[in-house]
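J.: Whole structure, please, built from the sequences with the hints as guidance.
Chain order of the listed sequences is A and B. Position 582 (the first sequence) corresponds to 581 in numbering that gives the first Met the number 0; numbering is contiguous. Position 229 (the second sequence) corresponds to 228 in numbering that gives the first Met the number 0; numbering is contiguous.
Quick caveat, the hints were computed from the structure, so don't treat them as lab data. Please read all numbers here as calculations on a predicted model, not as lab measurements. Certain hints may be false.
[Claimed, not checked] Just the calculated beta-carbon pair ranges, DEER-fashion:
no., chain 1, residue 1, chain 2, residue 2, range
1, A, M284, B, E242, 43 to 51 Å
2, B, G111, A, Q727, 45 to 53 Å
3, B, E242, A, S848, 15 to 23 Å
4, A, Q727, B, E144, 38 to 46 Å
5, A, P544, B, D151, 25 to 33 Å
6, B, E144, A, L543, 36 to 44 Å
7, A, L822, B, N229, 27 to 35 Å
8, B, N229, A, S320, 50 to 58 Å
9, B, P97, A, P588, 29 to 37 Å
10, A, A641, B, P97, 31 to 39 Å
11, A, H808, B, S61, 58 to 66 Å
12, A, E656, B, P97, 51 to 59 Å
13, B, G255, A, Q727, 33 to 41 Å
14, A, E473, B, H221, 53 to 61 Å
[Unchecked claim] Counterexamples of contact, computed for chain B against chain A with all Cβ distances above 10 Å:
no., residue
15, G7
16, E17
17, E71
18, R73
19, F74
20, L91
21, Q122
22, P124
23, I162
24, R174
25, Q179
26, H186
27, Y281
28, D301
29, D303
30, V320
The beta carbon of each residue, even a glycine, is placed where N, CA and C say it ideally should be.
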Amino acid sequence: MDVSAVNGQAPEDAESSGAHRDMASDVGSAFLPAAASTGEQAHEAELERVRAEQRRHAERSEMRRRLMSSSDLLSARLEQVLLELHETKQRMEEAQRTTAGLRRVLYLRRMSFQRRLVRRLLPERLRLWWDERHLSGLERIIRESGLFDAAWYRQAYPEAAASGLDPIRDYLQFGAAKGRWPRPDFDPDRYASERPILAFLGLDPFVHSILSGAKPETGQRANDPLPLDTDAVLMARAQARGPLLEGSEPDGWFNGGWYGGRVLAEDERFAPRLVTPEDQLASDMRFQVATSELTQRYGIRPPAQTIEILRKAAPVGLIRSACAKTEPHRDARCSQAMPRYAIVTVRSGSAQHFRSCAASVKALMDRDYEAVGVRRITWIVFGGVADLNSESVLDLFPADMSAFVVELERTSSHGAGGSLKEALIKAGAEWHFSLEEADEIEAHATAVLDFYSAHFPRCRSILASPVDIAGDGEVLRRNRNASPDLLFESGLAPGQFVAVRCDLPLNREGEADARAIDYEALLRVALDEPVLVIPEYLHRHRWLPASDCKAAAANSSLSTARAMRGFLNLFAQQLAGQSDDRGAPQPGPLTAGLCIIRTQGSRLHLLAETVASVLDQTVSTRPCVVVHGGDDVEAQVRAWLASQQLDALVIGAPDRERRRGYPLNVGLDYVRANASAYDFAFFLDDDDIIYPLYAERLAALLSLTGCDVGVALANSRVPWKPPQPGHQQLPVSALVAGNFIPIHCYAMRTAFLTANPLRFQEDIDYLEDWDFLVSLLDAGARFFLLPEVLCEYRIIGDGNQNEKRNRDHFEQCERMVLEKGLLAARRLGMKRFVRDLAAFDFEERAALSPAEVERLVEVRTIFEIQMTENRR
Amino acid sequence: MRQDQNLGTTVLLPVYFEEPGTENLRLLRRSIESIRDQRFPGAYETLIVDDGSPVPIASLSSRIGSPALLQEVRFVRAGRNGGLVHALNRGLASSRHPYIARLDADDKWLPGKIEKQFEQFLQDPDLTISATGMTLVTPAGKPLETHVRPGDWNGILNFFVEIGCPFPHGSVLARRDIYQLLGGYSHDPRTAHCEDYALWGLWLRFFKPAMVEEALYDYTVHARSVSALNGLQQQSGSTLVRETFRAVDAVDTVPGALQALAKAVGVTMLQAGILAYRMWRYRLTVWLPRGALEALALLMPDRDVSAAGSGDHRAITWEQVLAQPPSNGALGEVAVRAA
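T.: Here's what the structure looks like:
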């Protein structure tokens with residue numbers, strides 16, 4: 000067997016011929032008497048081989064550098080310009096931030112002093128009423144929370160008990176100002192000192208702790224049983240949330256905002272920022288710590304291999320650029336001044352937090368009604384409205400709101416489909432967004448959406464990051480945004496908020512629009528028109544226990560990978576180059592194959608086994624033994640096969656001066672001359688075997704897919720040892736930078752060979768097999784990689800030792816094929832690379848080594864450079 | 000399945016004897032006798048695949064048993080010891096009958112096994128594979144413990160994900176065409192020593208199984224068993240198979256989705272399985288009724304299943320996929336791609 004691979008892979012992968020030879024040498028040496036001496040020699044030889052490998056790698060890099068030097072200059076200049084641009088942009092943003100400072104302060108003051116301002120404007124006689132109204136509200140919140148320890152308060156502060164006032168009222172009117180504690184484990188001063196914004200806004204720490212769901216310091220943690228919150232508490236929490244009232248980190252301040260490829264200006268943000276670089280750094284660190292804790296707490300596993308590799312190997316620069324350049328759709332009208340909204344919840348059977356979810360929706364509806372004076376939000380729930388106790392959450396909604404909660408049957412496991420569209424039309428909704436059954440929407444959500452739809456009237460999709468919460472509502476993390484042009488690389492955060500306008504198509508071409516908002520649909524949108532990413536948090540995403548998350552994560556990983564592949568196929572349509580779209584396959588099975596076996600007649604026992612493996616096939620396959628040698632050798636081979644009762648065609652390749660590709664060309668000539676007798680052909684060396692279903696599998700593949708070249712996997716085997724995995728597959732385009740397909744691993748359609756007079760190089764001793772594969776690729780052959788092991792090559796002691804004898808020639812061969820690969824890349828174009836990448840199933844093969852990932856990145860670079868060359 | 004269909008069976012019996020010792024030959028004779036004692040509904044053969052034993056097994060015929068016992072026995076021999084997977088696939092390639100039963104050289108069947116399994120096949124034309132419970136026994140035949148696993152489709156799928164291989168390999172009776180459709184046992188070294196579990200992992204994603212809930216197979220336990228010799232490798236292979244299967248969420252979806260696909264296309268569940276497998280394996284674009292789209296998406300969450308774009312010219316008909324006379328995309332069908 001012979002296979003050549005290059006480009007700095009580990010020895011066993013990178014250079015199979017050499018690797019086999021060396022391994023074979025090791026095996027052989029175990030049987031020699033002078034073991035020590037041979038061992039030293041072998042060691043020296045190994046060292047020499049490694050050194051030589053390093054030398055070759057360095058020279059290859061140098062060669063590539065030369066080939067790409069002109070592009071490098073251009074790239075360097077481009078990078079410099081981009082850097083300058085970036086710095087200028089940063090200076091401008093800094094200036095904008097400084098200018099906005101005053102506005103931010105004014106905004107906050109407006110928010111925090113509103114109550115006092117109103118009081119001042121009221122007539123004297125109404126001020127007492129105003130204060131009482133305010134105090135009553137706070138008193139109600141504390142009382143309904145059940146968290147105030149009245150008995151302890153009376154005991155701890157006898158003077159309060161003596162006053163005769165209700166302890167809660169006493170606490171609110173006098174106690175809080177005097178630093179009294181509302182319960183033995185809540186220190187208001189400490190709480191407030193950790194949240195400076197409270198003093199700035201004049202909020203009572205204890206009330207804030209109740210509203211934000213924070214627990215007293217000695218209270219319950221996330222893993223404890225959930226407290227039995229009353230509906231009143233749920234509602235109070237939901238109603239009281241505002242955009243700027245939560246915790247020590249005001250919502251959205253530290254988050255980015257983008258519209259398509261550009262950053263939002265300060266006056267385009269709903270909540271202006273008050274951020275110093277130190278604050279930002281501290282916030283970033285909090286985010287990192289929170290992410291790390293979340294990962295550990297919920298056992299979040301790294302994403303599937305496909306996702307990681309596509310993020311690295313796909314042409315992300317081109318994707319970013321395409322997404323950043325989008326313009327609003329020319330047919331998109333402006334959003335209405337006061338749009339109607341629909342919230343869509345699809346039940347999946349987890350009822351534990353559904354009542355909290357419903358309470359948050361109710362609070363949003365109430366707040367919105369107060370603000371705009373009409374009911375314009377509809378909640379569409381698929382799959383029932385029962386909570387944990389099998390009671391309907393509709394009891395939270397008074398009769399006049401019941402028309403705005405629509406309960407629909409979940410008819411399809413794939414989402415809501417047609418019934419959702421009907422419901423959206425019936426609700427007259429202009430925008431809709433999803434809310435998971437355990438999540439909670441913020442009461443200010445529609446106010447924020449109103450603001451952005453007014454400022455970006457032709458925008459049809461809005462993304463916001465979630466606040467991640469635990470089962471008991473504890474805030475775990477305020478997730479961060481990424482700009483829309485990074486959507487492919489960063490993915491969607493778990494529970495990401497996405498609102499879309501109802502006139503934005505979410506379906507693929509040829510499919511019905513089920514209004515399903517998923518990652519794939521968003522990627523398509525991002526390629527088509529600007530997506531708005533806003534800094535504010537509009538909802539809370541509840542993390543369920545690790546066991547639930549694990550199954551969901553596996554599923555989500557698959558769907559994310561699927562979405563990325565779908566997107567790459569779509570993106571490829573924008574690129575130039577070959578598409579590798581296979582035409583419809585010819586009907587009818589491929590019934591006859593020819594196996595071209597290359598031999599020099601020097602290992603007849605192995606040849607017998609090779610031929611026997613061909614004759615054992617379930618699809619008629621004729622062994623065609625091409626003897627590279629004189630007539631005497633050919634006669635010897637004939638006699639041997641006859642003696643073994645092996646029925647094989649034997650033809651001669653008598654010119655000993657020609658090299659390794661020559662006998663294979665003799666075989667190809669035979670195939671072309673007898674094309675009507677054989678549907679497909681493949682090669683074997685005389686020490687390889689094919690497994691019993693090889694021909695059947697590859698014939699079925701060629702027949703069903705219509706491809707020209709079907710590729711399988713091979714095992715490697717040291718005699719008398721179990722087989723080991725051989726070379727792993729990569730996307731076909733990676734052939735331009737190195738070989739990963741052993742010569743016996745592929746079968747070719749005879750019709751393609753007849754139409755394309757490709758031949759092996761006959762003047763090279765090495766890499767003729769890789770060269771032939773590049774020729775097939777360059778000729779437009781359509782490959783299909785089948786991740787099944789169908790053959791085996793053996794690692795024995797008589798590998799091609801010529802390589803060691805003639806290193807210079809090997810390197811010359813390598814340069815020649817690499818240059819051919821570069822030209823092939825230019826001709827095939829980026830489109831072909833992207834299509835190949837999307838078509839490759841990374842999950843079905845063993846994990847890619849870092850060197851393989853690096854190789855893919857290198858291949859992408861080659862295609863990018865060749866794309867630039869083409870443009871010139 | 001119709002009564003007049005070919006119900007011939009090839010019993011696949013791979014053998015590798017380093018030494019043709021008396022005990023080995025006694026156990027092999029016992030296996031062959033247990034096959035002979037079954038009531039097959041059609042013709043049968045016992046195919047002994049000699050995996051390159053130093054002394055050819057066929058040459059030991061007289062020591063194995065009388066000519067009458069070996070009347071239905073056929074030998075094929077590999078030139079070298081290629082391992083169990085190679086022997087099994089060689090046997091598949093050489094088999095003459097449409098049903099394949101498995102048995103190892105040191106195990107035996109109990110009377111009535113094959114008959115009960117064929118009853119299942121006769122009652123359910125969509126059935127593709129049937130297994131039975133087993134009793135672990137010592138080489139002397141002393142019973143140690145009995146394992147009878149769930150018999151229904153969902154039970155088998157659940158067992159696969161939660162516990163491990165649901166089918167005792169030597170109890171399996173299955174359709175040869177499905178064996179071949181799926182490419183036989185995998186030669187992938189990552190799943191060495193759990194080649195059966197790996198194959199069922201693919202099989203159960205697309206085809207209907209059943210189980211006779213009776214222990215009708217004696218599995219001989221000895222120190223040289225595969226599990227004892229290659230436990231670690233077997234464990235890592237099994238984990239890979241199980242995790243792959245778990246990721247596609249087949250337990251809750253396969254039976255319903257296959258039925259839905261069969262209904263949408265108007266074919267049997269068996270044909271629906273063939274169609275889905277080929278679309279999955281070869282990433283085909285196929286003209287199908289629109290109703291098939293959702294079922295296919297459920298069956299293959301690891302593929303990008305969607306209606307093909309108008310510029311996609313690769314579509315073939317589902318009849319072509321099933322090797323039926325081709326049509327050119329019936330009215331109302333949509334080209335579905337599994338990329």
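J.: If you check the beta carbons of A/P544 and B/D151, does the distance land in 25 to 33 Å?
T.: holds (30 Å)
J.: Is B/R73 truly not at the interface, in the sense that its beta carbon sits beyond 10 Å from all beta carbons of chain A?
T.: holds (15 Å)
J.: With 36 to 44 Å as the target window, see if B/E144 and A/L543 comply at their CB atoms.
T.: holds (39 Å)
J.: Falls inside 43 to 51 Å, the C-beta gap from A/M284 to B/E242?
T.: violated (35 Å)
J.: May I ask you to check that B/Q122 keeps its beta-carbon over 10 Å from the closest beta-carbon of chain A?
T.: Holds, because the least Cβ-Cβ distance between B/Q122 and chain A comes to about 30 Å, which exceeds 10 Å.
J.: Non-interface claim for B/E71: all C-beta distances to chain A beyond 10 Å?
T.: Given that every Cβ of chain A is farther than 10 Å from that of B/E71, nearest at about 22 Å, it holds.
J.: Just to be sure I understand the hint, the distance between the Cβ atoms of A/L822 and B/N229 should be within 27 to 35 Å; is that true here?
T.: violated (48 Å)
J.: Once the closest CB in chain A is found, is it more than 10 Å from B/D301?
T.: Contrary to the label, B/D301 does not stay out of reach of chain A, its closest Cβ about 6 Å off (not over 10 Å).
J.: Taking 10 Å as the cut and beta carbons as the points, is B/H186 off the interface with chain A?
T.: Its Cβ does come within 10 Å of chain A, the nearest being 4 Å, so this is violated.
J.: Honestly, do A/H808 and B/S61 meet the 58 to 66 Å range at C-beta?
T.: Distance hint for A/H808, B/S61 holds at roughly 59 Å.
J.: When you look at the beta carbon of B/R174, is every beta carbon of chain A farther off than 10 Å?
T.: Label holds. Min Cβ-Cβ 16 Å, cutoff 10 Å.
J.: According to the definition I'm using, a residue is off the interface if its beta carbon is farther than 10 Å from all beta carbons of the partner; does B/L91 meet that for chain A?
T.: violated (7 Å)
Of the numbered hints given earlier, the model fails hints 1, 7, 9, 20, 25, 26, 27, 28, 29 and 30; all others are met.
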